[in-house]
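*Asks:* What follows is the residue order along each chain.
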Amino acid sequence: MPALRTVYAWELRKLVAQKRTYLGLAAAALVPVIFVVALTLQNGEPEDVAFGRYVRQSGLAIPPVILIFGSYWLFPLITALVSGDIVAAEDHNGTLKTILTRSVGRGRIFAAKVLAAVTYAIVALALMALTAVIGGIIVSGFHPLVTLSGTTVSAGRALLLIGASLLVYLLPLIAIASIALLLSTVTHNSAAAVVGALMISLMLQLVTIIPGLGVLRPYLLPTQFNAWQGFLRTPADWTPVIRAAWVCALYALPCIGVAYLNFLRRDVAGG
Amino acid sequence: MAGAPPVEARGLVKRYGDVIAVDEVDLTVEAGDVYGYLGPNGAGKTTVLRMLLGLITPTAGQVRLFGRDPLVSGAAALEGVAGFVEAPRFYPYLTGRKNLELLAALDGGEAAKRIDEALDTVELTDRQRHRVGGYSHGMRQRLGVAAALIRDPRLLLLDEPATGLDPAGMRDMRALVARLSLAGTTVLLSSHLLAEVEELCNRVAIVRTGRIVFEGALEDLKRTAGGGWRLRTTDDGRAAEVCRTQRGIAEVRVDPLELRFEATEEAAAALSVALVEAGLAIRALAPHTATLEDLFFRLTEDGADPVSAAGRPAETEAA
Chain X
1 MPALRTVYAW ELRKLVAQKR TYLGLAAAAL VPVIFVVALT LQNGEPEDVA
51 FGRYVRQSGL AIPPVILIFG SYWLFPLITA LVSGDIVAAE DHNGTLKTIL
101 TRSVGRGRIF AAKVLAAVTY AIVALALMAL TAVIGGIIVS GFHPLVTLSG
151 TTVSAGRALL LIGASLLVYL LPLIAIASIA LLLSTVTHNS AAAVVGALMI
201 SLMLQLVTII PGLGVLRPYL LPTQFNAWQG FLRTPADWTP VIRAAWVCAL
251 YALPCIGVAY LNFLRRDVAG G
Chain A
1 MAGAPPVEAR GLVKRYGDVI AVDEVDLTVE AGDVYGYLGP NGAGKTTVLR
51 MLLGLITPTA GQVRLFGRDP LVSGAAALEG VAGFVEAPRF YPYLTGRKNL
101 ELLAALDGGE AAKRIDEALD TVELTDRQRH RVGGYSHGMR QRLGVAAALI
151 RDPRLLLLDE PATGLDPAGM RDMRALVARL SLAGTTVLLS SHLLAEVEEL
201 CNRVAIVRTG RIVFEGALED LKRTAGGGWR LRTTDDGRAA EVCRTQRGIA
251 EVRVDPLELR FEATEEAAAA LSVALVEAGL AIRALAPHTA TLEDLFFRLT
301 EDGADPVSAA GRPAETEAA
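For the record, the sequence lines run as chains X and A.
Residues in the first sequence are numbered from 1 upward in steps of one, following the numbering used here.
Residues in the second sequence are numbered from 1 upward in steps of one, following the numbering used here.
Bound-form chain X, shown alone (with noise of 0.2 Å):
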């Protein structure tokens, strides 16, 4: 049976080249563009979001600032958007039962698109980072950063956090893309599946505003958008950090499993 790293290899080239792939990818590039773009065009600064008061201060103030700008929609969206379609669109083509009938498991199947959606996830993620980084260097210098505690770390050290930062990120954002792929799997249905994610996440932000279950906001999906955070603190804040991590993997693995089941067993009727 050919390798999974050579079912991956190919579940990623079909997304090179599709259109849908570089919406997000653009999307994810062009919102750090745009707030360099309008940083250089007026004098003020976003105040009422951290790090706001300090991205002319300091560029690599601009990362966080784009991170929490986008951390509830926008990445879940650009997430959802691959996830979301990568085992519905083979439905959607009629193609399921044509890589099916060759000589790769199911199994496999499932596992390269698993990966192929989480490595869309990060090369996005990388993507805004990176026109962030240049992008508030180049307007705003390569400065140190004035931390969530009001304590100044250096500049390389900042850069540093940044990437902490966008790891602890990533962890909700998986538990996303598992949603959208799981709804990919079980809906056949490429648009139910990307609106579906995001709304599941929405709404589980909707759920504390009911009296008496505030107490189940550190545990929700949504507040682990925040998560990453705690590494902008001195000392660095683990707390957060270490209960993203298990209540991402609470919501992600439930889903990638149910998800894989599902695709194992199901009758590949269309097409």
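It is worth saying that the hints were derived from the structure and are not from the lab.
In this text the structure is predicted, and so the values were computed from the model without any measurement.
Among these hints, one or two may not hold up.
Derived pair list, reagent style SDA-like, types lysine to any residue, alpha-carbon separation capped at 20 Å [unchecked claim]: (1) X:K19 / A:A286; (2) A:K98 / X:V16; (3) X:K19 / X:Y8; (4) A:K98 / A:Y135; (5) A:K98 / X:A3; (6) X:K19 / A:A87; (7) A:K98 / X:R13; (8) X:K19 / A:G133; (9) A:K98 / A:T125; (10) A:K98 / X:T6; (11) X:K19 / A:Y93; (12) X:K19 / A:R129; (13) A:K98 / X:Y8; (14) A:K222 / A:R232; (15) A:K98 / A:G133; (16) X:K19 / A:P92; (17) A:K98 / X:T21; (18) X:K19 / A:R131; (19) A:K113 / X:K19; (20) A:K98 / X:N93; (21) A:K98 / X:L12; (22) A:K98 / X:G94; (23) A:K222 / A:A268; (24) A:K113 / X:T6; (25) A:K113 / X:V16; (26) A:K113 / X:S103; (27) X:K19 / A:K98; (28) A:K113 / X:A3; (29) A:K113 / X:T21; (30) A:K98 / X:S103; (31) A:K222 / A:Y135; (32) A:K98 / X:V123; (33) A:K98 / A:D69; (34) X:K19 / X:V123; (35) A:K222 / X:M1; (36) A:K113 / X:P2; (37) A:K98 / X:R5; (38) A:K113 / X:L74; (39) A:K98 / A:A87; (40) A:K98 / X:L4.
Given chain X's structure and the hints, the job is docking chain A onto it.
*Replies:* Showing chain A alone in chain X's frame:
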């Protein structure tokens, strides 16, 4: 599992709620067969092919491909097996060649090296760099055949392969199947084009609303049609009188151009002597074998009795 037949299905049932799409289907395709799987649309042909390929799980019954169960062995059961169900489907945003490269990667082994030859066989070499999204139906059908050929199959499953092809394409498809069969490939071909099946297949199964009403050699099926004869003489009117008085000659019918009757070979031979003795010259005396089409309609149209129409029940057909 050397020696296990390419396809062995026993008691296949597929039920969707109250609807029984496939009802107790038994199929055996022996090595070297070109097996025609015939039935009207909606008779469950495609559902059976999907079960054979492990795409859907049977409600009951078993499938063995070269002795391996696709439900147990998964993709390993499809070793040496290739083909498509319904229209072959590809990624529209990839070129024809890229689609084949992808599938060859999923096949592993030498599949990638066979791409050029397969494209050449189905005459898509000129269009291989174009996206499949722009392909005509017939081109996709041919790409489907190419995708099967790169697996170098010992068993080829084709679902209505001639669909969407123009007459030249259909001729080429038939020639290809005949050539592959000569080279030792076993072929299972579903079709409702009776001429195609009659020309290519040595064995047939005829399905009607999910049930097999005949399974066996095409020759055996034709034999069940009984012995019709056609006769032309120098004077058909007088010949008809001779026929009516002759023993063993039944159902005499006078058509404008010829006489038709039912008889055994011996009775027909005796008749020829009687005609000559009556001073009539015989222009033509030939057995009129029923076409597959006659038999097909007899077996699949309303009111047909599967057992008596086939001459014997499908269940007694030896594996």
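*Asks:* Hints the structure violates: just list their numbers, smallest first.
*Replies:* The structure conflicts with hints 1, 6, 14, 19, 25, 29, 31, 32, 33, 35 and 38, although it agrees with all the remaining ones.
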